[in-house]
Amino acid sequence: MNQTPYFAQGMDIDHLKPPEGCRPGVDCQRWTVRGARVIDPASGLDAVTDVFIDKAGIVGVGQAPEGFQADNVLDAAGLWLIPGVIDSWARLREPGLEHKATVESEARAATASGVTTVCMPPDTDPVIDTPAVVRLIKRRAQLAGGARVMSIGALTQGLAGKLLAEMEDLKEAGCVAMTNTLKPVETLAVMRRALEYAATFGILVIVQAQDRSLAHKGCAHEGAVASRLGLPGIPVAAETAAMAQILALVEETGARVHFVNLSSASGVRMLERAIQDGLPVSGGVSAHQLFLTEMDTDAFDPNTHVIPPLRTLRDRDALREAVASGVISVIHSDHQPHEGDAKAAPFPEAAPGISALETLLPLVLRLVDEDVLPLHQALDRLTRSPAALLGLKAGGIAPGLRADLCLFAPEASWTLDIATMRSRGRNTPFHGWDFNGQITHTWVAGRLVYRRDGQP
Amino acid sequence: MAVVFVRPRIPKLARDPWAIQFDGEGRLKHLLTIEGLGPEWVTRIMDTAESFLSVTGRDVKKVPLLRGRTVVNLFFESSTRTRTTFELAAKRLSADVLNLNISTSAASKGESLLDTLRNIEAMQADMFVVRHDQSGAAHFIARHVEPHVSVLNAGDGWHAHPTQALLDVFTIRKMKGDFTGLRVAIVGDILHSRVARSQIHALNTLNTGEVRVIAPRTLLPAQVERLGVRVFHDMREGLKDVDVIIMLRLQRERMEGALLPSEDEFFRLYGLTPEKLAWAKPDAIVMHPGPANRGVEIDSEVADGPQSVILQQVSNGIAVRMAVMSLCMGGREE
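In order, the protein sequence lines correspond to chains A and B.
Residues in the first sequence are numbered consecutively from 1, following this note's numbering.
Residues in the second sequence are numbered consecutively from 1, following this note's numbering.
Only chain A is shown next, with the shape it has when bound in the complex (with noise of 0.2 angstroms):
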């Protein structure tokens, strides 16, 4: 067991070992959670018993392991124990774009909300297209003390499209897959090169499709509340257009590829074609997207100007069809926080994007409430799928998993404000909502990282 404080290493990051190695009693403590209704996704489990965690493990569900001795004890009759929420999409904005938000705001803001693993795209300034920046950013985390942050790879050098980005060095240094954003890939034989290193090495490619001139200067659904309030359209071709290419690329290439963000109907029923007929790919879904429409757009609300746009409400529920179904598998926040200036302008020039960390979870489980799926379900979609996708230890509550854990109170109703929201980014557009149940402790590795106030 390491006896320096990890934090205290110097600049040799990659002997950091905590949280995983933290020192029982001290980075880490054992903890006996008492009474809580467990619910496990990945294993069905959905009973009220205790859960004992130790050495930033999960050590025993129901029953502890012998000569186990907790350091505390909770009671949390009443409350539910869900895995931590995997958030495969979420941008923190460090480094480079410090002005928004740092990883340390964000990582602390996931943690009250439920999520303790976040992964971040490339598109940092600089870009994390080598493991310095892996590092560098696995380390602001560590120092954070929040939720987990792990680094998407960038697919192309500086994500420029044109060189392929040195993708296993990157896989080695931490990155769970690789994406080339919404930035273009040169040209179709760029990309297949690129899919076809990456299936070399078993590494998953995220994709965001959206074809760059069909989607031209677009900043709203090109439909009916577009053509009314005058703003330029992004139609739905521009995301089956680039679907189609990648996936006849996939097929080539046997590349195991991931489509973030999708945003419309045509869009999930080519992916679940796809899937039927065998390909290596899945989908992700942001949760505004189950929820918002075109229609919010109407009153040029910049903090509803997000791409993929808004599309119609068939658009909406076809996608909330296929995370139920399972065709859609991950839903994530695709977390954008930005400056108040950066919002402060005319709808078409407004920063797109949505802090959206903080509803992640609260706008999933309104999903249950709304019955579109069932909670164990809902849960999946967060937690036990994007673990899998992505290779990840956890998103289960099991012995053996690593203690990334939430106690929720299910009937405590609250409201959105952006006032005390607590990511550096304020822009989001469910400012009133109201939602059932709060994150009431959440531990990171088996060390608590957040206890609301209040709480024992």
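If a hint is listed, it holds; no wrong ones were tucked in.
Okay, the calculated bits of chain A under chain B, using three or more residues with CB under 8 angstroms as the criterion: (1) 221-232; (2) 346-357.
Here are the in silico distance ranges between beta carbons for each label pair: (3) A:GLY432 x B:VAL231: 36 to 44 angstroms; (4) B:ASP304 x A:THR187: 47 to 55 angstroms; (5) B:GLU40 x A:GLU98: 50 to 58 angstroms; (6) A:THR187 x B:GLY181: 55 to 63 angstroms; (7) B:ALA222 x A:ALA248: 25 to 33 angstroms; (8) B:GLU265 x A:ARG212: 23 to 31 angstroms; (9) B:ASP264 x A:THR187: 34 to 42 angstroms; (10) A:ALA241 x B:GLY68: 52 to 60 angstroms; (11) A:ARG212 x B:ARG226: 23 to 31 angstroms; (12) A:GLN245 x B:VAL314: 50 to 58 angstroms.
Source of the hints: derived by calculation from the structure; they are not laboratory data.
Being a predicted model, the structure only gives us computed values, none of them experimental.
Cβ coordinates follow ideal geometry from the N, Cα and C atoms, glycine included.
Starting from the known structure of chain A, fit chain B onto it as the hints suggest.
This is chain B only, laid out in the frame that chain A set:
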């Protein structure tokens, strides 16, 4: 274990996007779009404009309604013609007028739109007349001005140009009277036209018998029929039995965006010539928001012909803008 779920309140999804145009007592505060005005306000504006028309014809063309008030023409997109008519309207109401042309390139050099706004507000302006190349700019400004300032949209992106639409329906009313039996065709680049959008809303607000748009599909917005129009691609069919023809200006850039092959082909298919005009009703009037591209969307013979009311539109424009300014700033109607 029994878990009681409290069903959440359903959030208010459909907000009234036009409520911002009115103050707490239901008086017109800003004019940003025709939507939400309803037939009462559109009619009231036209009636008020009627009373100002007589002023325009007098030797001393001024009324003291807005004496001591300051109107700032805030033009982020250059337009001498539109600015001039607003300036003239404000001056005939005895307001002080300040013209500011802010090129967006200068605005992008650090000073944000909000900074610009705050600075001008500090000059004790009572009304901003705003033109901007981005849709929603007027709404944005209206949301951020001090409570005593009125905002008048003089054109924002492709979204709205309400005073143009009001002067158009005002002109139609003067020529044709009642709207319910009229067929009106709007021809040309609807997609990029804030004028067309506002005209469609104004005509539908007044219960116009039929509003048609005539254009190739590349120049029509998606699901345009949901704006309340009948779509035609052919001039002969579209102009049949029409009482009013509104031609729109075609920008030259449209060829580069691959929306049209050439001006020649456009003129051949959609340009209003005396031959095509003959397909409409014999007493049909021809309108154009100006400036017209002669030989591209309209033949000179038609633009200057007996059925053209293009120049009446211009003089009516001043009266309509006077009406809107006086109503927004709480001036008397008579």
